[in-house]
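Could you put together the complete structure from these sequences and hints?
Chains as they are written, first to last, in my numbering: chain A, 1 to 277; chain B, 278 to 460.
As a list, the in silico BS3-like pairs of lysine-lysine whose alpha-carbon atoms are at most 25 Å apart: (1) A:Lys71 / A:Lys222; (2) B:Lys425 / A:Lys222; (3) A:Lys166 / A:Lys104; (4) A:Lys97 / B:Lys452.
Restraint-style ranges between C-beta atoms, simulated for each label pair: (5) A:Leu260 / B:Tyr343: 12 to 22 Å; (6) A:Glu167 / B:Ala426: 52 to 62 Å; (7) A:Phe106 / B:Tyr300: 52 to 62 Å; (8) A:Thr137 / B:Tyr300: 44 to 54 Å; (9) A:Gly181 / B:Pro364: 54 to 64 Å; (10) B:Pro336 / A:Thr137: 32 to 42 Å; (11) B:Tyr300 / A:Ala94: 52 to 62 Å; (12) B:Arg366 / A:Gly181: 48 to 58 Å; (13) B:Arg366 / A:Thr37: 55 to 65 Å.
Source of the hints: derived by calculation from the structure; they are not laboratory data. Heads up, the beta-carbon is just placed ideally off N, CA and C, and yes, glycines get one too.
What follows is the residue order along each chain.
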Amino acid sequence: MSARSARRTGWNVVGVAVFVVMVFPVFWMISTAFKPTDEVNSQTPTWFSGHPTVQHFADAIHKPFFWDSVKNSVIIVLIAVAISMVLAFLAAVALAKYRFTGRKLFIVLMIGIQMLPGAGLIIPLYVVLARYHQVDTLTGVIVVYISAVLPFSVWTLRGFILGIPKELEEAAMVDGSTRLGAFARILLPLVAPGLVATSVFAFITSWNEYIFARILLNDQSKQTVTVWLSYFLGTSRNTDWGALMAASTLTAIPVVIFFLLVQRKIAFGLTAGAVKA
Amino acid sequence: MPQVVAVQVWYWMTNYQNGVVNYVLTQLHIGDFFQHDWYASTFSQLSLVTLLIVWGALPFVAITLYAALSQVPRELVEAAEIDGARPRRVFLDVTLPILTPVLLILTSLSILWDFGVFTQAYLLIGPSHITPGNYLMSIYLFQEGFQKADYGKGSAISIVMLVIVAALSFFYVRKMVRVGEVE
Numbered sequence: 001m002s003a004r005s006a007r008r009t010g011w012n013v014v015g016v017a018v019f020v021v022m023v024f025p026v027f028w029m030i031s032t033a034f035k036p037t038d039e040v041n042s043q044t045p046t047w048f049s050g051h052p053t054v055q056h057f058a059d060a061i062h063k064p065f066f067w068d069s070v071k072n073s074v075i076i077v078l079i080a081v082a083i084s085m086v087l088a089f090l091a092a093v094a095l096a097k098y099r100f101t102g103r104k105l106f107i108v109l110m111i112g113i114q115m116l117p118g119a120g121l122i123i124p125l126y127v128v129l130a131r132y133h134q135v136d137t138l139t140g141v142i143v144v145y146i147s148a149v150l151p152f153s154v155w156t157l158r159g160f161i162l163g164i165p166k167e168l169e170e171a172a173m174v175d176g177s178t179r180l181g182a183f184a185r186i187l188l189p190l191v192a193p194g195l196v197a198t199s200v201f202a203f204i205t206s207w208n209e210y211i212f213a214r215i216l217l218n219d220q221s222k223q224t225v226t227v228w229l230s231y232f233l234g235t236s237r238n239t240d241w242g243a244l245m246a247a248s249t250l251t252a253i254p255v256v257i258f259f260l261l262v263q264r265k266i267a268f269g270l271t272a273g274a275v276k277a
Numbered sequence: 278m279p280q281v282v283a284v285q286v287w288y289w290m291t292n293y294q295n296g297v298v299n300y301v302l303t304q305l306h307i308g309d310f311f312q313h314d315w316y317a318s319t320f321s322q323l324s325l326v327t328l329l330i331v332w333g334a335l336p337f338v339a340i341t342l343y344a345a346l347s348q349v350p351r352e353l354v355e356a357a358e359i360d361g362a363r364p365r366r367v368f369l370d371v372t373l374p375i376l377t378p379v380l381l382i383l384t385s386l387s388i389l390w391d392f393g394v395f396t397q398a399y400l401l402i403g404p405s406h407i408t409p410g411n412y413l414m415s416i417y418l419f420q421e422g423f424q425k426a427d428y429g430k431g432s433a434i435s436i437v438m439l440v441i442v443a444a445l446s447f448f449y450v451r452k453m454v455r456v457g458e459v460e
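Have a look at this one:
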């Protein structure tokens with residue numbers, strides 16, 4: 001073996017090792033979730049269980065407040081994503097198509113706001129929301145999530161809108177379409193994949209969010225899934241690892257499914273658009 | 278994967294009774310890690326938090342760099358190769374300079390995000406094991422401002438944090454604003 005191919009093999013080994021380290025936690029979570037309790041608690045780990053069980057999932061689902069938290073998360077995320085997509089889309093159109101006074105300031109503010117660490121905002125947000133009696137209500141969290149997701153969404157959508165040739169819209173207007181008609185028939189369908197991609201991002205961010213939900217929702221029946229999961233460990237010394245991993249898997253599933261579903265759609269949308277244009 | 282989920286998996290893998298990490302390290306003869314408690318010292322706690330953050334951030338960084346790499350014009354690389362440059366020189370003199378802006382943006386973004394990190398550290402160390410010794414800035418803020426309900430002090434910490442972030446993000450914001458100006 002020459003020195004060169006030896007080096008190449010070396011790099012491949014490194015690559016495989018990195019891959020294994022990256023994937024192992026996910027594998028271990030799922031593997032643990034399906035193992036019987038005695039295999040979970042044994043000193044020598046079992047890599048693949050001989051007798052998988054769904055007992056841990058049943059335990060996790062029957063824990064108090066599981067369905068409450070799922071319901072809360074779904075409500076919060078859906079409303080927050082829907083509202084922020086409408087707002088972000090209109091703002092992005094304005095940014096991409098019109099030159100208005102204060103446009104530059106708007107851009108600077110939007111990028112700057114994204115940089116603020118979320119943890120730095122908990123005090124002011126809490127104080128403001130408490131003044132309007134929005135602590136411990138879902139609306140308070142929805143408002144916070146909308147404001148958290150907006151800057152990124154506006155920025156991304158603006159990029160998508162700019163990617164659509166202005167001539168297409170102009171051609172429609174030459175053919176007798178109104179400005180609004182061109183917007184609805186040309187711009188909107190072409191931006192659709194971008195809208196989907198951006199809302200997926202907004203969905204994932206809001207679903208995963210922890211700290212704001214943690215401070216704004218004290219009532220256990222009002223918490224979101226991530227907060228519910230963070231309290232799962234409890235205080236007892238004998239942790240039910242199997243159920244914890246089952247609960248973790250359940251929390252991660254919507255994100256993964258959503259991502260996979262839409263990933264195909266984005267690819268499809270992009271190619272469809274390319275053929276038509 | 279949600280951060281809270283990642284924390285729980287990390288905690289399960291490193292628990293001292295039957296964590297799989299201790300088992301693997303012992304089996305590989307790296308040392309005797311039987312019932313080694315990773316949460317015993319501040320250093321080891323924070324190292325685990327760091328590893329968790331790196332694990333979570335790697336895919337994003339890798340994908341971004343991959344996308345940037347595929348943007349490097351083939352012709353430039355070929356031209357350098359025809360001129361007799363060795364792979365290492367091609368990388369240093371052609372690929373790397375083209376990647377530099379992306380690397381800079383990624384670096385400043387990562388610094389900014391990880392500076393304000395809260396969830397992973399707070400949950401992995403465990404709310405009951407948080408002590409001034411293992412405070413991060415965001416946790417300090419949370420404890421003083423929120424747990425002790427001292428909003429004044431909390432706001433003061435926020436402002437100090439924001440000033441530091443503003444200084445760090447100067448490069449990134451300037452770059453992005455310039456992107457926005459072009460169109």
